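Please build the complete structure, drawing on both the sequences and the hints.
For reference, the chains in residue letters:
4 protein chains.
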Amino acid sequence: MLKIGEIGWIEKDRPECGPRDAIVRPIALAPCTSDVHTVWEGAIGDRHNMILGHEAIGVVDEVGNEVKDFKPGDRVIVPAITPDWDSEAVERGFPSQSGGALGGWKFSNFKDGVFGEYFHVNLADNNLAILPEGMSLEAAVMIPDMLSTGFMGAENAAIEIGSTVAVLGIGAVGLCGVAGARLRGAGRIFAVGTRPKSVEVAKKYGATDIVSYKDGSTVDQILEATDGAGVDAVIISGGGPDIIIDALNIAKPGAKISNNNYYGSGLGEKDTIPLCRVGWGFGMAQKDIVTGLCPGGRVRMERLSDIVTHGRMDPSLMATHVYKGWDKLEEALLLMREKPRDLIKPVVLLE
Amino acid sequence: MLKIGEIGWIEKDRPECGPRDAIVRPIALAPCTSDVHTVWEGAIGDRHNMILGHEAIGVVDEVGNEVKDFKPGDRVIVPAITPDWDSEAVERGFPSQSGGALGGWKFSNFKDGVFGEYFHVNLADNNLAILPEGMSLEAAVMIPDMLSTGFMGAENAAIEIGSTVAVLGIGAVGLCGVAGARLRGAGRIFAVGTRPKSVEVAKKYGATDIVSYKDGSTVDQILEATDGAGVDAVIISGGGPDIIIDALNIAKPGAKISNNNYYGSGLGEKDTIPLCRVGWGFGMAQKDIVTGLCPGGRVRMERLSDIVTHGRMDPSLMATHVYKGWDKLEEALLLMREKPRDLIKPVVLLE
Amino acid sequence: MLKIGEIGWIEKDRPECGPRDAIVRPIALAPCTSDVHTVWEGAIGDRHNMILGHEAIGVVDEVGNEVKDFKPGDRVIVPAITPDWDSEAVERGFPSQSGGALGGWKFSNFKDGVFGEYFHVNLADNNLAILPEGMSLEAAVMIPDMLSTGFMGAENAAIEIGSTVAVLGIGAVGLCGVAGARLRGAGRIFAVGTRPKSVEVAKKYGATDIVSYKDGSTVDQILEATDGAGVDAVIISGGGPDIIIDALNIAKPGAKISNNNYYGSGLGEKDTIPLCRVGWGFGMAQKDIVTGLCPGGRVRMERLSDIVTHGRMDPSLMATHVYKGWDKLEEALLLMREKPRDLIKPVVLLE
Amino acid sequence: MLKIGEIGWIEKDRPECGPRDAIVRPIALAPCTSDVHTVWEGAIGDRHNMILGHEAIGVVDEVGNEVKDFKPGDRVIVPAITPDWDSEAVERGFPSQSGGALGGWKFSNFKDGVFGEYFHVNLADNNLAILPEGMSLEAAVMIPDMLSTGFMGAENAAIEIGSTVAVLGIGAVGLCGVAGARLRGAGRIFAVGTRPKSVEVAKKYGATDIVSYKDGSTVDQILEATDGAGVDAVIISGGGPDIIIDALNIAKPGAKISNNNYYGSGLGEKDTIPLCRVGWGFGMAQKDIVTGLCPGGRVRMERLSDIVTHGRMDPSLMATHVYKGWDKLEEALLLMREKPRDLIKPVVLLE
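If you're matching them up, the sequences are chains A, B, C and D in order.
Just so you know, the first sequence maps onto residues 3 to 353 in the working numbering.
Just so you know, the second sequence maps onto residues 3 to 353 in the working numbering.
Just so you know, the third sequence maps onto residues 3 to 353 in the working numbering.
Just so you know, the fourth sequence maps onto residues 3 to 353 in the working numbering.
Keep in mind the hints are simulated off the structure, nothing from the lab.
Be aware that one or more of the hints could be misleading.
Since the list gives no way to pick one copy over another, a pair counts as held whenever it fits inside one copy or between any two copies.
[What the hints assert, rightly or not] Derived BS3-like pairs (lysine-lysine); straight-line CA-CA distance at most 27 Å:
#1 K113 with K70
#2 K272 with K216
#3 K326 with K14
#4 K5 with K341
#5 K73 with K14
#6 K272 with K70
On a predicted model such as this, the values are computed, not experimentally measured, just so you know.
This is the structure:
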């Protein structure tokens, strides 16, 4: 990213490695919708000459002298979010917010991202995880953000065994919301979306009902399918600034609204995200709105890696477009911007 | 309430008592701001010839033949919210939502309220609690709604021992939010309000800092007082439809916004309650918005009664205006509408 | 059950139906290990001429005049635990303990069980659930106790997505513990047991590692397989009075020990269940011991039914021995006592 | 501590300060019962020439070059437990268990304690907290262990507003359990103990009922006082290896047993801590046993410090014996061993 609206290649010095840090060379990368937001919508504000990217699998190239568990040559999963684990927010229980709101998100936000020849990882022992032998790179590169964010949507939704869940939006994060809902024990799962490839994968990940806006109001369809009762939990992973209104209108009293959206823009002069007063039960129907930022760190990566290793879900189904070589990265990023109908997620392999 | 905007006395038949129900004669009553909303703002829609009121202490006059634990002559605390305990919402864990959103709220909503010579209580064994000997009626009549709702605000706020809490609004519910925050272990408590009597009681209930809009932006004042950090929890108990914006702007990442407001009106054509996109951390800063409706039922009343009995807080401090006799009830209700500056809560004693 | 150690058939009056109750005629039954405990070990104390059984699918024969949602002819799932939903324990949040410790367990404990021509169900609207069309009786009859209890073991274990879990004992409840662990998102699952049929089903339900005491200490095997770290959660569903010692010794600091055992006997004169002081971290290693009694009620049954309907797990794999007709019930019960190596669960179909 | 059973003064080199660490000079110290366990009972195993003590207020003497928030001369509260915040256990949510079971407990366990001229604190920015101006040293020195451990007992007990709580044992930790129960909203609080000074402080901290074993079985007394119902939560902070039996016998179904005891010895050859099978509801009455180790770290210390600053409780009431000067430290430690009846806690001031 050269500036808002403009991308290109840039020569930069190799980052320096602190005593507890690592320098990593990527071997698989995936562009993310939020990279698109960052560049073309300026969602996080202006950035100049910042390297993009926060989804990577890599090889450790260098470690600081206090790093104990990793050494050059180790193949590693790098979380999109790399908290400062020795920070106040961690003591309070919110690692993703270390150093301030969303402060755990460093790559392509506060510092250069992973789309470079080498990139810097803070607190290597706390933030890297060994890539298990035999795991495909296409699967592994979904772990740092897609699985971690998508599953978070389900984890925050207070799903109980047999709960009925609706997932609004089935891009890659939404698909992981579907898979996450199944992993937490959901019974019936409504997936709201229309793109054929996404629909196909949503079913494989556990969706029992596909709802398309082409068939009318999605709210009406879900209410009708549940005899007017609505659902026990809603996971938002798509839609515009007013999507919470739909979520509230399909939620039973007591249902949780779990937000996975990054709201890059709001409504009106005051830049707001609206709740519907009546659907929200006048603020008293226990339809709580729960939020989060992709959990990062080593333990998270190891646990998600175990999910893949033990066959609990197969992330490689989302890698619809696989490229090889650095020269394809720009194409992959532009693809993410264009979003052809058969795209879920592009991946670029570098070895 | 005769219709929206009009109150008066009306002759009605004594309610019938089902096998598990009770008929109760009030001995202490308190009008509530929501009665004012109901009559003069039509907040819950039109109601004709409906008896108002949901805050009462009474004497049992009659019980159904399946009632085991109460008998005529028992002096009882009657919760504002009387759930159908044998309902689906209870099995899901949300008694106040039994029978649909806010369905546990029956008095002066789905049926006649407590401002009558006799009133009906469903599921007596589950919803009534014995008034302890020696408890003053002025204190007791605050339990059914003020304490239960106000404390709920604190209970929903994920307060930990030593948390810093802000309470927005210090009417009677807000004051109980302050007391509730202290009861859950808050350290520093900001109380936002200006009415002198409320300020005085807020301090007695545990407020350490009083913030007045007269001294400038309350958001700025609280941020300044916390060196920019904000607070660990916010309890909303007052303000207009856009009060959540203030709440989000003073909340640390990870802080919970606990709503005690009944939003009788929203903003704009779409009737919405706005969140501020940036203050909310773009939907990712873990500033969750938690809601509820006054918990009801016998166990709740017994527990709150224990709080009063054991001197954990003194609700009678809120009874600023005490009247005697049925003929004073209208005056008390009108007082609640006028809100003179020395008013917290009027009480009408009937014996 | 005629008395401790003696079973037989007995003529009894048809039970009476209260206004909110139902009389149900069974169409599928399953004997439970706890029936065996009750009769031959006298685990719950002496009982005379009490009808056994608490796992049934049936047809509604009669309903009380206050029952709204069920009518004669409805095919229903009957939970093993039928709480008094309008009781104090429900208000406190513990339906299975309604009316005192384990008070929600009525069938073949406080009243006649389901192994009769007709049986009584309290609070029909709250405790029955419609049997979905197309669900096999062999699958359905596992829901009332096996699924509900087994899944509870996982629900109580604070499993997070990717947690490593050990399930001690793989009878039918333990197998449902395995399935429940997967439903809550476990990654690696150790199943401890040796019976070949159980091992086969454990793998289908999600076990990744089978541990047999025949290969040495199960504690040592699990510690070795986890490089000494131990597991994030332990579900106890088998073993003698000192099984918690094993559980503590394989638990990481912070891991939860979730107990599904019914301890029919203890150790020593004082009839105790021992914890190991050192393995427990001297009472400070956050290895909490969490317990429960099979959740009952309509919502639970409906949710578990959804799990089966949507193919999240197939309970019929556990129905290793299927009989037809009342005259086979005794044989099925005796089979449960003998436990041949290819048995998981016998089922008796009555239509 | 020279070896088990023997204490004395020893000359040691000043500890070295790592880049993120601090060297602190104590200005107030308190000996702890666990120091007594360590020396005279060998509870944590043999230790040679190890400096005792883990309760201190001090002045920073030196900081490493990566420390940002503290500088020499700062007066600080030093937590008894100083976790390695950048460790795997923290990522899992269990800081006190960092580096293995109880691994956050370093002072006088894995390294020299605070009873030295200078002592070493790991991760200064994460573990130290500024001593507020105006707070007395007698009050402050109770924060590092007594308040943090005692309050934890209440925090782990799932106390709700109005819960009835029993605290077994009212030494300093038990007294903080009483205060903690009040801080979490308990209504009625039973304090079990006999020492007159402790009884006096227990009442000031919120105990409503004092129970003495001299008046008969404490279990019987508490059951009688609650009409046989028992209590909603039990905090164990005293008693021998079989104290959990008492706790289970006074617990309602669903009540939590929160353990604050350090079990230095167990029963029988197998060194076990016994649960009573029947009182525990055969492992099914939802009487969960919850454990913990004193929470440490900077945020915890700051929050507890706020509790004192804002007058939520006054820890100085426990400082029954205040000494001045290093030469009194041995006397204070021996006093802790002897436990005269008017002792709660000795404090030694060093400036």
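Numbered hints the structure breaks, given as an ascending list: Hint 6 alone not satisfied by this model.
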